[in-house]
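Protein sequence lines, in the order shown, are assigned to chains A and B. Just so it is clear: in the first sequence, position 470 is 470 by full-length UniProt numbering, and no numbers are missing. Just so it is clear: in the second sequence, position 25 is 25 by full-length UniProt numbering, and no numbers are missing.
Don't take each hint at face value.
[Said to hold, decoys possible] Here are the simulated EDC-like pairs of lysine to aspartate or glutamate, each with C-alpha atoms no more than 16 Å apart in a straight line: (1) B:K84 <-> A:E502; (2) B:K84 <-> A:D497; (3) B:K84 <-> A:E193; (4) B:K84 <-> A:E163.
[Claimed, not checked] Residues from chain A that keep clear of chain B, each with C-beta distances beyond 12 Å, as calculated: (5) D7; (6) S173; (7) S178; (8) R201; (9) H216; (10) R275; (11) K325; (12) P405; (13) K480; (14) E502; (15) S510.
[As the list claims (entries may be wrong)] Interface residues of chain A toward chain B, partial, derived using beta-carbon atoms under 8 Å: (16) N79; (17) S135; (18) E336; (19) F376; (20) G429.
FYI, nobody ran anything at the bench for these hints, they're computed from the structure. C-beta atoms are modelled at their ideal positions from N, C-alpha and C, and glycine is treated no differently.
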Amino acid sequence: MMNYFPDEVLEHVFDFLESHRDRNAVSLVCQSWYRVERFSREKVFIGNCYAISPERVIARFPRVRSLTLKGKPHFADFNLVPSDWGGFVLPWIEAMARSGVNLEELRLKRMVVSDESLELLARSFPNLRSLVLVSCEGFTTDGLAAIASNCRFLTELDLQENEVEDRRGQWLSCFPDSCTSLVSLNFACLKGEVNLAALERLVARNHNLRSLRLNHAVPLDALQKILMQAPQLVDLGTGSYVHDPDSDTYNKLKSAVQKCTSIRSLSGFLDVAPRCLPAIYPICLNLTSLNLSYASLIHNSELIKLIHHCSQLQRLWILDCIGDKGLGVVASTCKELQELRVFPSDIHGVGSAAVTEEGLVAISAGCPKLNSILYFCQQMTNAALITVAKNCPNFIRFRLCTLNPTIPDPVTMQPLDEGFGAIVQSCKGLKRLSLSGLLTDQVFLYIGMYAEQLEMLSVAFAGDSDKGMLYVLNGCKKLKKLEIRDSPFGNVALLADVGKYETMRSLWMSSCEVTLGACKTLAKKMPRLNVEVINENDLIDASSDDRQKVEKMYLYRTLVGPREDAPEFVWTL
Amino acid sequence: MESIVDREDGLNLKATELRLGLPGREESEKETMASFKNNKRASPESAVADGSKGDFDAGDGDRETAPVAKAQVVGWPPIRSYRKNNFQPKKAEGEAGMYVKVSMDGAPYLRKIDLKVYQCYPELLKALENMFKLTIGVYSEREGYKGSEYAPTYEDKDGDWMLVGDVPWEMFMSSCKRLRIMKGSEARGLGCGV
Numbered sequence: 001m002m003n004y005f006p007d008e009v010l011e012h013v014f015d016f017l018e019s020h021r022d023r024n025a026v027s028l029v030c031q032s033w034y035r036v037e038r039f040s041r042e043k044v045f046i047g048n049c050y051a052i053s054p055e056r057v058i059a060r061f062p063r064v065r066s067l068t069l070k071g072k073p074h075f076a077d078f079n080l081v082p083s084d085w086g087g088f089v090l091p092w093i094e095a096m097a098r099s100g101v102n103l104e105e106l107r108l109k110r111m112v113v114s115d116e117s118l119e120l121l122a123r124s125f126p127n128l129r130s131l132v133l134v135s136c137e138g139f140t141t142d143g144l145a146a147i148a149s150n151c152r153f154l155t156e157l158d159l160q161e162n163e164v165e166d167r168r169g170q171w172l173s174c175f176p177d178s179c180t181s182l183v184s185l186n187f188a189c190l191k192g193e194v195n196l197a198a199l200e201r202l203v204a205r206n207h208n209l210r211s212l213r214l215n216h217a218v219p220l221d222a223l224q225k226i227l228m229q230a231p232q233l234v235d236l237g238t239g240s241y242v243h244d245p246d247s248d249t250y251n252k253l254k255s256a257v258q259k260c261t262s263i264r265s266l267s268g269f270l271d272v273a274p275r276c277l278p279a280i281y282p283i284c285l286n287l288t289s290l291n292l293s294y295a296s297l298i299h300n301s302e303l304i305k306l307i308h309h310c311s312q313l314q315r316l317w318i319l320d321c322i323g324d325k326g327l328g329v330v331a332s333t334c335k336e337l338q339e340l341r342v343f344p345s346d347i348h349g350v351g352s353a354a355v356t357e358e359g360l361v362a363i364s365a366g367c368p369k370l371n372s373i374l375y376f377c378q379q380m381t382n383a384a385l386i387t388v389a390k391n392c393p394n395f396i397r398f399r400l401c402t403l404n405p406t407i408p409d410p411v412t413m414q415p416l417d418e419g420f421g422a423i424v425q426s427c428k429g430l431k432r433l434s435l436s437g438l439l440t441d442q443v444f445l446y447i448g449m450y451a452e453q454l455e456m457l458s459v460a461f462a463g464d465s466d467k468g469m470l471y472v473l474n475g476c477k478k479l480k481k482l483e484i485r486d487s488p489f490g491n492v493a494l495l496a497d498v499g500k501y502e503t504m505r506s507l508w509m510s511s512c513e514v515t516l517g518a519c520k521t522l523a524k525k526m527p528r529l530n531v532e533v534i535n536e537n538d539l540i541d542a543s544s545d546d547r548q549k550v551e552k553m554y555l556y557r558t559l560v561g562p563r564e565d566a567p568e569f570v571w572t573l
Numbered sequence: 001m002e003s004i005v006d007r008e009d010g011l012n013l014k015a016t017e018l019r020l021g022l023p024g025r026e027e028s029e030k031e032t033m034a035s036f037k038n039n040k041r042a043s044p045e046s047a048v049a050d051g052s053k054g055d056f057d058a059g060d061g062d063r064e065t066a067p068v069a070k071a072q073v074v075g076w077p078p079i080r081s082y083r084k085n086n087f088q089p090k091k092a093e094g095e096a097g098m099y100v101k102v103s104m105d106g107a108p109y110l111r112k113i114d115l116k117v118y119q120c121y122p123e124l125l126k127a128l129e130n131m132f133k134l135t136i137g138v139y140s141e142r143e144g145y146k147g148s149e150y151a152p153t154y155e156d157k158d159g160d161w162m163l164v165g166d167v168p169w170e171m172f173m174s175s176c177k178r179l180r181i182m183k184g185s186e187a188r189g190l191g192c193g194v
């Protein structure tokens, strides 16, 4: 019946489909749906930039206006991927520029972005509205200056945790006086100074500004002036939050903050004078999101005082110096909490136990809406995990990280198999799981059996044999990304079901038992996979022994064969 | 890389042992060490059947192991480098404890205090008052320390003598090299708006 509808009607119906997965699904129904869908698709999501070429994306979706690209494998975040591995955005920008794509939005994660790319981007797409860079590298403030100067309709410039070289070139001053369209500006990750006067003027003339995250170099008195100009802010990231609380400036800040009744999200506090915290108490009541994970200078007691004011929090990112007691306060205060991240504050030393299983149990008991957790802790017990599983069956993301990667349950000295087993059994909607602690093949048996919705699994220092990995590959039907390090999984597991990998986005295995020969076998059987072997210490070539173990292997499905930009220590088999 | 300690069978010296293997892992350290030294993985034949974990990232083979009870593992805990690099340790830069010398005019010997113990100026001044049995008075921007013969001063990074209290506490903490409690006419010249 649908075949008799004109294309415009189909298009209109497809407009209601928000997720790219839904749109991908409708495009598979029949030829005409495929055709209508591809011409009407405006937002394209590419989870692995090497799975497809820019030319083919543009050919299929000529009307693309918004592109999201992800580059390096997730473990690159933890220095496991050599820095020149790849993930360059330039070819994508060049291709889009050549084809006259009307690009409005570009979102990149873990990609290498050069100043040249940014300059080309700025020059080629006059309608560019939004640039979001997450965990990227390779550019300097000169590239940002190009964006600021040329993108006349820019609404969003969002830089999250990028490594940016500061060229002291006054990039912020490059926003012309005619720039009044900004809604979101986040430069918290920049290390250098910005022209404060230019910043104040920029804020003053951009009345639609809703989200503003400052960097370390913006002092408190500048913050005060900015808030006076932008009481409509919804999301604020402070710069340096240091001043004498007995000063005029601080008093002015207090009254400025009181006028900011729309603020729902707060972050920053990289540099903080704890005695200045009371200024933000008035807005705490309305906060739904609070990120204090960089505020290592706030003392435990002040932190707790602050939390007491935040009864509407849905998202909290915090350091483990809050302690189990502090988490107890969170549990009793923040009844709307959905997402909690507890980061370690003492990474290097043999530090004191900041949070343990007690804190996690308290949170699970007190926060019924909890569905996402990232928890770095000194230790964990099976009993605690079982309790957490019972209290919170709604987890979608569960990431646990014991600071000692193979620590057993300290009470029973048993592996944590049963605890994680309880989690996967109880949380039927679990999509993402990260394991840690002492773990045997048994935990993987549980995961394979129960984690039916699991899409991403991170494994480190776990398991006893190939059986572990096989349980997961055989059982988790929706698995998209599997990343494994330092675990005794080898060729048998890798080669048991080669077809599985075409149903997944990628597989990472490093410091495991996989040999070069097995990788070659796999690559030969599966031409639509790129099997990359990354050996920095022992360059792999034709004369290499097949029995040699590979340091790192990264395989991913692709429609375009081996990539041409791989460095010499990466060998695509 | 000579941090490898001979392991005696049956003796568990985990607490003080210098080791490259993971804490908790007991098997095949010998293989691990050997392969570490060669920057090559243990060959399959010698891999232990009872499921020892793999080596560290061989790229780190040349790193010296610091003598800590916990082994340092590459990429663990899994935190983004950006976060690690931006992490500000609670301690002031340099050695733990920020001890500075305190001299008082007329006193026979100097004292030392740990600035990190104090969170703000009033606490510091109170401590100084207790230590030297004197009254320092109340700070004001205009008049310095009024109502006392004494004025607390400090030598900053540039070598200048500054009045304690003018700059924010954290700024003071990072620039103070030593303290001197001035007394008498000198103090009056500094603090009391003559």
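Going through the earlier hints one by one, which of them does the structure break, listed in rising order?
-> 1, 2, 3, 9, 10, 12, 15, 18, 20
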